[in-house]
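Undergrad: The primary structure of each chain is shown beneath.
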Amino acid sequence: MAEATNELLTTADGRPLKAALQAAQARAKRRAFLLVLPLLLFVLLTFLIPIGLMLKRSFEHDGFASSAPALVAWFEANPDFNPADPPEEAYAALVQDLARMQTDKTTGIAGTRINYSVPGTISLFKKGAREAGDLTPPFKESLVAVDADWAKPALWRGMASASNVYTAEFYKVASDFKLNDDGWARGEDNERIYLYLFFKTFLISAIITFLCLLLAFPVAHLLATLPMAKSSLLMIFVLLPFWTSLLVRTTSWIALLQEQGIVNDLLVGIGLIGDDGRLSMMYNMTGTIVAMTHVLLPFMILPLYSVMRVIPPSYARAARSLGATSWTTFRRVYLPQTLPGIAAGSLLVFILAVGYYITPALVGGADGQLISNLIAFHMSKSNWSLAAAIAGMLLASILLLYWLYDRLIGIDRLKFG
Amino acid sequence: MALPTYASPLERIWYYTYLVICGLVFLFLIAPILIVVPLSFNAEPYFTFTEKMLSFDPTGYSLRWYDTLLTLGHPAPETVRDSTWWSAVWERATWVQAAKNSFWVGLWATILATVLGTIAALGLSRPEMPYRRLIMALLISPMIVPIIIIAVGMSFFFAQACIAPDSAMGAVFGVFLSEKGCLANSHLGVIVAHAVLGIPFVIITVTATLTGFDQSLIRAAHSLGANPRTTFFKVIMPLILPGVISGALFAFVTSFDEVVAVLFIAGPDQQTIPRQMFNGIREAISPAILAVATILVLISVLLLVTVELLRRRSDRLRGVTGR
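So the protein lines, in turn, are chains Z and X.
The opening position of the first sequence corresponds to residue 1 in this note's numbering, with each subsequent residue numbered one higher.
The opening position of the second sequence corresponds to residue 1001 in this note's numbering, with each subsequent residue numbered one higher.
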């Protein structure tokens, strides 16, 4: 027997067993991977590449760099110029470029690019370009005579920065930074629209998550403790909204909550409010919160239900028999066991709420808009790079939450129905 | 949870309150969906119940909004309803066109997502699959990443994804693309986008079915002389079919209900029902939307029943074979 242990184990055709096993395992791995490969390629082409392109777009904008070659060349040669007092050659290059923009009709594109960091530049560029052909040296004096803003250090900083196609400027703008005469600085408190909207989106999402949890908990508990026949019947109430078109649900909330809607009619009918005191619950933040809570509620009920269903009732009975009150039993014995479900449901609802677009767009009015709606707004105004930068920031926060979800709960636990 | 016999009066009160709360939540869930059904029969262009409707006066109800669905966009809506009138409905009516678009886009997106997703799920559920967790996370992410981000990315990419219509490639693939030869503003673009959005659902439902799948059945089939193809169609497929079908239905519903990607990447030729509804709600909201909504609710009830029956069948099958 001692000899046998030294001898190498082989397969029937004489190969070492270890190598044969490794080869077989590698083959099995390859086979499994080959099955997934077509889908991976498809997702790469239609999902990853588009998102990658969007992120690339958030770092680039050639609106100014492509339409002002003379000034771009000058900035390249003089990287350390003083923006407070650029020399005559710089102005000469600028006037030359402005004249070219006028003939190429690129004034708008170039002005828009600078306008992101230094507001008010589009009209300045248009005016400058119209006059550029008639200006005579010294260009510094003649251009400043057209508009004194041409001497602003902030503008020169903006142009120097925009002469590079690749820039992180859009992320600065999307974080409410502005370019002033001394460089980038945070905007005034009342100008911080982007971070404020991010904050508001997270706050509204948190409120919706909390409301969903509040409504879902008793229902999930009821479904989990009822006999199977009854609970599958009641489950239809949860699953039907899940299967119904989002636009249908949004439409019905408009019918229910608008000023001439059913809820207001009902309240007026029973005399709770007067006809002139109709509540405005639609086209504002209330509308967004109510409609989104309804839309996302099944995503909270289902994970809670699947956790609650497997909690053995004997624990609660044991606690009661040991003298705990019903409240203590709930707080110390039942609730801790539901925590995985609470975490799963809350994270899922929060993630979905943060990126919501349709419901706020339709029922949100002016103050019920979320960050997604701002992205759509900038897309519609052709502010592609800025929209992409805001989307990039939203994506980063979503991926963080997704990673957290995978860590805490595991994505393979995701189920429907 | 029945009330135990030792419950105190306070607990009894609390128990009934709890039942009332649950009832109210169920009402909150279901009422907004059911309310559109009676409202869609309104004889007046209002979004609420009129006096006549509340007193069940038959003149308060009408089918006029369902009629609108046929006549909107019709070249001669007032003429006699003969076969030419109906063929004009089929060819020209706005809502009918939207329904046709939605159906075809949904069908192809579902086929694409289901075929690719099922094959991938088979690979993912093999124990020797490398980087399983990472790949799973990637394939589920279209459900997690906000739709607006996907739509923005696709609108950038699809506008660049073009083949010159006069080239050799363009002659072959041109029919699937827009007039300029791009994925943007084409049916193929919308189908591809919707397929990506449906994939997570297929992956989730099919892998869930496969977790209860007894892998030794495959070895048994092999040992009895079946080749991989026979094994797949005769052994694996019948067992995972309920999961595949419910995944496909989820994918179809996702596509059928999707509006954001369509708004960003589609052109005027790809008008779908959700897009038509979205524009309708934004611009001139009319009870015709409620008529569409009622039809959609009916469809979702049918789908729900189908999926529930499939799920029960799947559980029963797995109860026989596994565990």
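Since the hints were made in silico from the structure, they are not lab data.
Hints may contain errors.
Claimed, not checked - Some chain X residues near chain Z, calculated using beta-carbon distances under 7 Å:
| id | residue |
| --- | --- |
| 1 | 1021 |
| 2 | 1022 |
| 3 | 1023 |
| 4 | 1025 |
| 5 | 1045 |
| 6 | 1047 |
| 7 | 1089 |
| 8 | 1090 |
| 9 | 1119 |
| 10 | 1126 |
| 11 | 1129 |
| 12 | 1144 |
| 13 | 1148 |
| 14 | 1153 |
| 15 | 1154 |
| 16 | 1310 |
For glycine and all other residues, C-beta sits at the position ideal for the given N, C-alpha and C.
Undergrad: None of the hints should be skipped; say for each whether it holds.
TA: Quick rundown of the hints versus the structure:
| no. | hint | result |
| --- | --- | --- |
| 1 | 1021 | holds, 5 Å |
| 2 | 1022 | holds, 5 Å |
| 3 | 1023 | violated, 9 Å |
| 4 | 1025 | holds, 5 Å |
| 5 | 1045 | violated, 12 Å |
| 6 | 1047 | holds, 5 Å |
| 7 | 1089 | violated, 23 Å |
| 8 | 1090 | violated, 23 Å |
| 9 | 1119 | holds, 5 Å |
| 10 | 1126 | holds, 4 Å |
| 11 | 1129 | holds, 4 Å |
| 12 | 1144 | holds, 5 Å |
| 13 | 1148 | holds, 4 Å |
| 14 | 1153 | holds, 3 Å |
| 15 | 1154 | holds, 5 Å |
| 16 | 1310 | violated, 10 Å |
Checked against the numbered hints given earlier, the structure breaks hints 3, 5, 7, 8, 16 and satisfies all the rest.
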